[in-house]
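Fit chain R to the given chain H structure using the hints.
2 protein chains.
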Amino acid sequence: MQKKPYISMSVIRRLPRYYRFLVDLDRRGILRVSSKELAEKMGFTASQVRQDFNCFGGYGQQGYGYAVHQLREEIGTILGLDRVHKCILIGAGNLGKAIATHISYNFAGFELIGIFDRGEQVVGQSLAGLTVLPYGNLRSFCAENKPVMAILCVPHTATESIVDDLYALGIKSFWNFSHYDISLKYKDALVENVQLNDSMMTLCYRISEIEE
Amino acid sequence: MQKKPYISMSVIRRLPRYYRFLVDLDRRGILRVSSKELAEKMGFTASQVRQDFNCFGGYGQQGYGYAVHQLREEIGTILGLDRVHKCILIGAGNLGKAIATHISYNFAGFELIGIFDRGEQVVGQSLAGLTVLPYGNLRSFCAENKPVMAILCVPHTATESIVDDLYALGIKSFWNFSHYDISLKYKDALVENVQLNDSMMTLCYRISEIEE
Numbered sequence: 001m002q003k004k005p006y007i008s009m010s011v012i013r014r015l016p017r018y019y020r021f022l023v024d025l026d027r028r029g030i031l032r033v034s035s036k037e038l039a040e041k042m043g044f045t046a047s048q049v050r051q052d053f054n055c056f057g058g059y060g061q062q063g064y065g066y067a068v069h070q071l072r073e074e075i076g077t078i079l080g081l082d083r084v085h086k087c088i089l090i091g092a093g094n095l096g097k098a099i100a101t102h103i104s105y106n107f108a109g110f111e112l113i114g115i116f117d118r119g120e121q122v123v124g125q126s127l128a129g130l131t132v133l134p135y136g137n138l139r140s141f142c143a144e145n146k147p148v149m150a151i152l153c154v155p156h157t158a159t160e161s162i163v164d165d166l167y168a169l170g171i172k173s174f175w176n177f178s179h180y181d182i183s184l185k186y187k188d189a190l191v192e193n194v195q196l197n198d199s200m201m202t203l204c205y206r207i208s209e210i211e212e
Numbered sequence: 001m002q003k004k005p006y007i008s009m010s011v012i013r014r015l016p017r018y019y020r021f022l023v024d025l026d027r028r029g030i031l032r033v034s035s036k037e038l039a040e041k042m043g044f045t046a047s048q049v050r051q052d053f054n055c056f057g058g059y060g061q062q063g064y065g066y067a068v069h070q071l072r073e074e075i076g077t078i079l080g081l082d083r084v085h086k087c088i089l090i091g092a093g094n095l096g097k098a099i100a101t102h103i104s105y106n107f108a109g110f111e112l113i114g115i116f117d118r119g120e121q122v123v124g125q126s127l128a129g130l131t132v133l134p135y136g137n138l139r140s141f142c143a144e145n146k147p148v149m150a151i152l153c154v155p156h157t158a159t160e161s162i163v164d165d166l167y168a169l170g171i172k173s174f175w176n177f178s179h180y181d182i183s184l185k186y187k188d189a190l191v192e193n194v195q196l197n198d199s200m201m202t203l204c205y206r207i208s209e210i211e212e
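Protein chains in written order, with the UniProt record's numbering: chain H, 1 to 212; chain R, 1 to 212.
Careful, some of the hints might be misleading.
Cβ-Cβ distance ranges computed for the label pairs, FRET-style [stated by the list, open to error]:
1) R:K36 to H:R118: 35 to 43 angstroms
2) H:G93 to R:E111: 35 to 43 angstroms
3) H:S8 to R:E211: 13 to 21 angstroms
Straight-line C-alpha distance at most 30 angstroms; calculated DSSO-like pairs for lysine-lysine [what the hints assert, rightly or not]:
4) R:K185 to H:K36
5) R:K41 to H:K187
6) R:K172 to R:K185
7) R:K36 to H:K185
8) H:K86 to H:K185
9) H:K146 to H:K187
10) R:K185 to R:K86
11) H:K36 to R:K187
12) R:K146 to R:K185
13) R:K36 to H:K172
14) R:K36 to H:K187
15) H:K41 to R:K172
16) H:K86 to H:K146
17) H:K41 to R:K185
18) R:K172 to H:K36
19) R:K41 to H:K185
20) H:K172 to H:K185
21) R:K187 to H:K41
22) R:K172 to R:K146
23) H:K172 to R:K41
FYI, nobody ran anything at the bench for these hints, they're computed from the structure. Note that CB positions come from ideal geometry on N, CA and C, so glycine has one too.
With the rest of the complex left out, here is chain H (with noise of 0.2 angstroms):
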């Protein structure tokens, strides 16, 4: 496999915007977009775009913009979504259960395979297409099935021990949705955290300001 450039973390956090954008085009039939087009629909200036392009080879030619299938698929490979990354979810509360079924998961790169959680109520739902399964089977569904990632939709309170019990399986990717901060005792974990709350406390300071 070719050696991949390198990108800033910067760069990569806006190529899914790109990508669901492209994959867009490419479904639509759309061949080419010349990066005026691109800044303008996602709100960057064109030579942000061109430069954002340029970090990983290009494809845009002067004049004629970029082959949309073309670039999707690059886009795709650089962030690994062309494999399977087998993950599992604990916690099947109402977060857990729209989490398990409002993802795109295989165009995000992954393959929800377990669900789990501690309660009786919960446990033998069925839930995106699985049979939610009781927390302390972990240990031997991660043994057979060897998941990479944990997505936790847990309370605050939970989610130091469910971590601690998924890093001793060899679990260090999280998608986590509580405000339980696991880089802090696992430095070398690969964290995403979806701060709901501070998502929102933006929103009202933004409000805030146009109603003075």
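Coordinates of chain R only, in the frame set by chain H:
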């Protein structure tokens, strides 16, 4: 009311995290905290913390740290959390149910006053202490209760027409869970997008990087 100082959006986006941590310290009866301790918990440098707080007056004393309660109140005021912004939720599917029940609205400066859905099987259900109302009631509800923000938990294809309706009813702030880009059509809308698939794709990239 005292005029607020100018604070950049990058500082603003860090404030909710400080705020959550300070609330936790305050609840535990801790009176003072150093920039070093805050930095460690936040994953920033102490100099970054001091710089952030200097933007709005500081409250730090050399060798003595920050007054927890005072700093918490100040950040809360800057974010506008001391006011209550009425909001409504559109879409009471799995995601809408999770968002209705999982979010600490009061903590984040909001009050959820209405939930709307188009589906007959969902309308009339009880959710987060409210009864899910038919979408057709939106106009009269907004005229009477004047919500300022709408949370969108609806399918991508339905988002545009719903935003058209809401904007016409005077709602110009959106917490958007769909991929529809509201700002392209409504330049003056305040939008916080929550792109869960993008967050997951970024995690996919980071996992793929260490696999190689």
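Evaluation of the provided hints:
1. Roughly 37 angstroms separates the CB atoms of R:K36 and H:R118, a value that falls within the hinted 35 to 43 angstroms.
2. As the Cβ distance of H:G93 to R:E111 is approximately 23 angstroms, the hint placing it in 35 to 43 angstroms is violated.
3. Our hint of 13 to 21 angstroms for H:S8 and R:E211 holds, since their Cβ atoms are close to 20 angstroms apart.
4. The suggested pairing of R:K185 with H:K36 holds, with an alpha-carbon distance near 18 angstroms, which does not exceed 30 angstroms.
5. Between R:K41 and H:K187 the alpha-carbon distance is near 13 angstroms, which keeps this suggested pair within the 30 angstroms criterion.
6. A C-alpha spacing of about 12 angstroms is found between R:K172 and R:K185, which places the hinted pair at or below 30 angstroms, so the restraint holds.
7. Among the hinted pairs, R:K36 with H:K185 is consistent with the structure: their alpha-carbon atoms are about 18 angstroms apart, no more than 30 angstroms.
8. The suggested pairing of H:K86 with H:K185 holds, with an alpha-carbon distance near 24 angstroms, which does not exceed 30 angstroms.
9. Between the alpha carbons of H:K146 and H:K187 the distance comes to roughly 21 angstroms, so the proposed pair stays at or under 30 angstroms and holds.
10. Under the criterion of a C-alpha separation no larger than 30 angstroms, the hint pairing R:K185 with R:K86 is consistent with the structure, at around 24 angstroms.
11. Between H:K36 and R:K187, the direct Cα distance comes to roughly 18 angstroms. Compliance with the 30 angstroms bound is thereby established for this hinted pair.
12. With a CA separation close to 23 angstroms, the supplied pair R:K146 and R:K185 stays within the 30 angstroms bound.
13. For a cut-off of 30 angstroms, the pair hint linking R:K36 to H:K172 stands: about 27 angstroms separates their Cα positions.
14. At roughly 18 angstroms between alpha-carbon atoms, R:K36 and H:K187 fall within 30 angstroms of each other, so this suggested pair holds.
15. Between the alpha carbons of H:K41 and R:K172 the distance comes to roughly 20 angstroms, so the proposed pair stays at or under 30 angstroms and holds.
16. Simply put, H:K86 and H:K146 have alpha-carbon atoms about 8 angstroms apart, close enough for the 30 angstroms limit, and the pair holds.
17. Distance restraint check for H:K41 and R:K185: the Cα-Cα separation of roughly 11 angstroms lies within the 30 angstroms cut-off, and the hinted pair is therefore satisfied.
18. Only pairs whose Cα atoms come within 30 angstroms are accepted, and R:K172 paired with H:K36 is accepted, the gap being roughly 27 angstroms.
19. Between the alpha carbons of R:K41 and H:K185 the distance comes to roughly 11 angstroms, so the proposed pair stays at or under 30 angstroms and holds.
20. Between H:K172 and H:K185, the direct Cα distance comes to roughly 12 angstroms. Compliance with the 30 angstroms bound is thereby established for this hinted pair.
21. Using a Cα cut-off of 30 angstroms, the hinted pair R:K187 and H:K41 holds, with the two alpha carbons roughly 13 angstroms apart.
22. Taking the CA atoms of R:K172 and R:K146, the gap is about 12 angstroms. The hint holds against a cut of 30 angstroms.
23. Of the pairs offered as hints, the one joining H:K172 and R:K41 holds, with about 20 angstroms between alpha carbons and a cut-off of 30 angstroms not exceeded.
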